[in-house]
Structures are given as structure tokens and as C-alpha cells.
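Colleague: Each chain is listed here by its residues.
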Amino acid sequence: DSGVTQTPKHLITATGQRVTLRCSPRSGDLSVYWYQQSLDQGLQFLIQYYNGEERAKGNILERFSAQQFPDLHSELNLSSLELGDSALYFCASSVVGGFRETEAFFGQGTRLTVV
Amino acid sequence: EDQVTQSPEALRLQEGESSSLNCSYTVSGLRGLFWYRQDPGKGPEFLFTLYSAGEEKEKERLKATLTKKESFLHITAPKPEDSATYLCAVQAPSGNTPLVFGKGTRLSVIA
Chain A
13 DSGVTQTPKH LITATGQRVT LRCSPRSGDL SVYWYQQSLD QGLQFLIQYY NGEERAKGNI
73 LERFSAQQFP DLHSELNLSS LELGDSALYF CASSVVGGFR ETEAFFGQGT RLTVV
Chain B
2 EDQVTQSPEA LRLQEGESSS LNCSYTVSGL RGLFWYRQDP GKGPEFLFTL YSAGEEKEKE
62 RLKATLTKKE SFLHITAPKP EDSATYLCAV QAPSGNTPLV FGKGTRLSVI A
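Quick mapping for you: the protein sequence lines, in order, are chains A and B.
Numbers 13 to 127, taken from my numbering, label the letters of the first sequence in order.
Numbers 2 to 112, taken from my numbering, label the letters of the second sequence in order.
Chain B with its partners taken away, still in its complex shape (with noise of 0.2 Å):
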């Protein structure tokens, strides 16, 4: 069965203090690795997908990295607009099959 395990579950960090975020995953080959942002009451916005281990992808203050068993999403410098619940999820390689996502890891940052 495939899993996702996102750590931690709650992270609190001072404006300008970067970290990262964990995503590790066990799915049966891999379709793709999601990273979603999801705001208090509001759906997941797409945020990156990595296709490979070694592929990096990066919008502003996030980059997101891929190796064989996890992924990181590395927040540089973050700000308090950069709070919120951030997901991952992965994707098997048989055709259409569904995204399996972790709980998520809250993000706290203050000013």
C-alpha cells in the first residue's frame, strides 16, 4: 500500500529563519511527488511536481527536492504570508491512478 509520511507535524519558525520540510514516501514506483500549500478552509494549490530523484524545482521561497525515498521542501528566508498547511502527496505509475497524500506539516511563521 502506498504511504506518505510528512514530519514534522507542526513547525514554528521566526521570519528569516529557514528550514525544511520532510515528505517520505513507500509507493510502488513513482508517477510523481505533488507538493500542495493549503491555506485555513481553502483547497490545495499546486505547488510542484518532481518526477525523478536528483529533479529540484523552486518558486520563490520554496524548492523542493526528490531522492528515492523522500523529499524536501526547503523554505528559504520565509515570511508570515508563507503560513500554512503544506501537503505532499505521491502518485503510483499505473495509469490514472489516484494522488495518496500525507497529513501535512503546519507552518508557523512569525513576524
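Pulled out of the complex, with its shape left as it was, chain A reads as follows (with noise of 0.2 Å):
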């Protein structure tokens, strides 16, 4: 156990709908990643955030939102949904302390299938 809690573990709903994706990170890290993986892509960097403020982005849709409240857990929203949005999504978190302290740990991953 990684120690980081993601919440739905799937998700299944139909194109043009909304969902939001939850991640509890690791007790005591401050920065919260959030990755996508699809089967021909491997795994995307979305959006980082670092104790509430984003911090670096990626490849993240216009259609896709995220952000991470005063406890420090973190909310990807994903509007307008299409078909090519299946994917695992995963969250990871770390220290983000001294320079050896950037190790991140992810956790199980929410599955959404959009139909």
C-alpha cells in the first residue's frame, strides 16, 4: 500500500458528462501529480500541484480541471467527455523536500470508461 488513496476505483459514464476524480495523498506530502495512461500512450503527465498551488502543467485538455484544497487532497475534473478519455487515471504524491527527497508514490488508479 502506497499509501496514497484514490477515489472512485472506476467510474463508467457516457460522452458529453462530467465526472470528478478524488486522490488523498501520502500523510505529510506536499506536491500531488496527476497522470493519465492509456494502452498506446503509457503514462501522461497531466497537472502538478505543490501545497494548494499548481505548480507545473502538461498535457492537459482544455476540457480538464484540477485542484488541491487547504488539506492538501487534490480533484481532477474532467468535463465534456469523449470517447478517447478512457483511460487509467492515476494520482502520485511526494515530499518534494531536499533534493533526495522526490521519490513519488502512486496510488491504485481510477478507471473511467466513457460510452
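It is worth saying that the hints were derived from the structure and are not from the lab.
Remember, predicted model here, so these are calculated numbers, not experimental data.
Once the Cα atoms are required to be at most 30 Å apart in a straight line, the calculated DSS-like pairs of lysine-lysine come out as:
no., chain 1, residue 1, chain 2, residue 2
1, A, Lys69, B, Lys43
2, B, Lys104, A, Lys69
3, B, Lys69, A, Lys69
Dock chain to chain to rebuild the complex, using the hints, since each chain is given by itself in its own frame.
Modeller: So, in C-alpha cells, the structure goes:
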């Protein structure tokens, strides 16, 4: 158990809908990363938050947004869903402290299926 | 742009047949190189971080090494339970940057 909790584990929804994925980081971790994993693309970085603020942005669509709350949990919002958004969505967290404290630990993911 | 290339894409080994997985990277400086193991439908499980060329780390049947351009994950006398996808990722030195992943090597160990 990595200590990173993601809910829900599975989500099936229709095209055009909006969903929210939730992530609770490991205790003490300030940084949260969201990744998308599809069969042909591997793990693609979406967005990073550090202590409530957006720190880095990857290939995140405008239909997607995220935030990190004061208790450090994070939510990824996906709207106007398309069939191609079906994927595994992972959250990872890390301490981001000293130089060697950057290992990121992943949750078990949310499998999103858009029908 | 930071890039990570892993080879081979898939590897099938007999139980006990040792081999190595390769991870080639291009990054503007290197903060760390990470190896993860991922089982189907599960999240990546952290294995190792390597920080400088020449560094080596071991865990059970796995040993990771790092040079200035690539990393190897050596698997000694693998067992069927070592079957998984092994992911390599790099992190650039400019503070708090995300990990950039390769597409992974799918390892199958046959009894």
C-alpha cells in the first residue's frame, strides 16, 4: 500500500458528461501529480500541485481541470467527456523536500470508461 | 524536451534466465532516474531512484545501474512473480518538475 488513496476505483459514464476524480496524498506529502495512462500512450503527465498551488502543467486538455485543497487532497475534473478520454487516471504524491526526497508514490488509479 | 526510451517493448524469459532492461534518456541535467514496477490495472510501485552516473541499487533479484545516457535494470534468476511492466522515468533538476515516463517493458517470466 503506497499510502495514496484514489476514489472511485472505477467510473463508467456517457459522452458529454462531467466527472470528478479524488486523490488523498500520503501523510506529509505536499505535492500531487495527475497522470493519464492509455494503452498506446503510456503515462502522460497532466498537472502538478504543490501545497495548494499549481506548479507544473503537462498535456492537459482545456476540458480538464484540477485543484488541491487546504487539507492537501486533490480533485481532477473532466468535463464534456469523449470516448478517447477512457483511460486509467493516476495520482501520485511526493514530499518535495530536500534534493533526494523526490520519490513519487502512486495510487491505485481510477479506471474511467466513457460510453 | 526530456525523453525516455525503453527497450525492449516486451521480453519473455524462462524462469531463472537472467536479462537486462534498458532505459535511454535525454534530459537537461538529471535530478533523478526512477524505476517502477506496474502490474496490470494497478498503480506503479516505486522500486529505485538513481541520482548520479555509476550509482547502483539492488532489491532482491533486481539491480539498477546508471550511466550518463542510460540506465539498466538487471533481473537475476527471475521468477514468474517478477512478471510485470517495468517503467523508467526521469526528473529534470529545475525544482519540483514532474516525472517523464518511458512506455515501459512488459516482462513475462515463464515457469
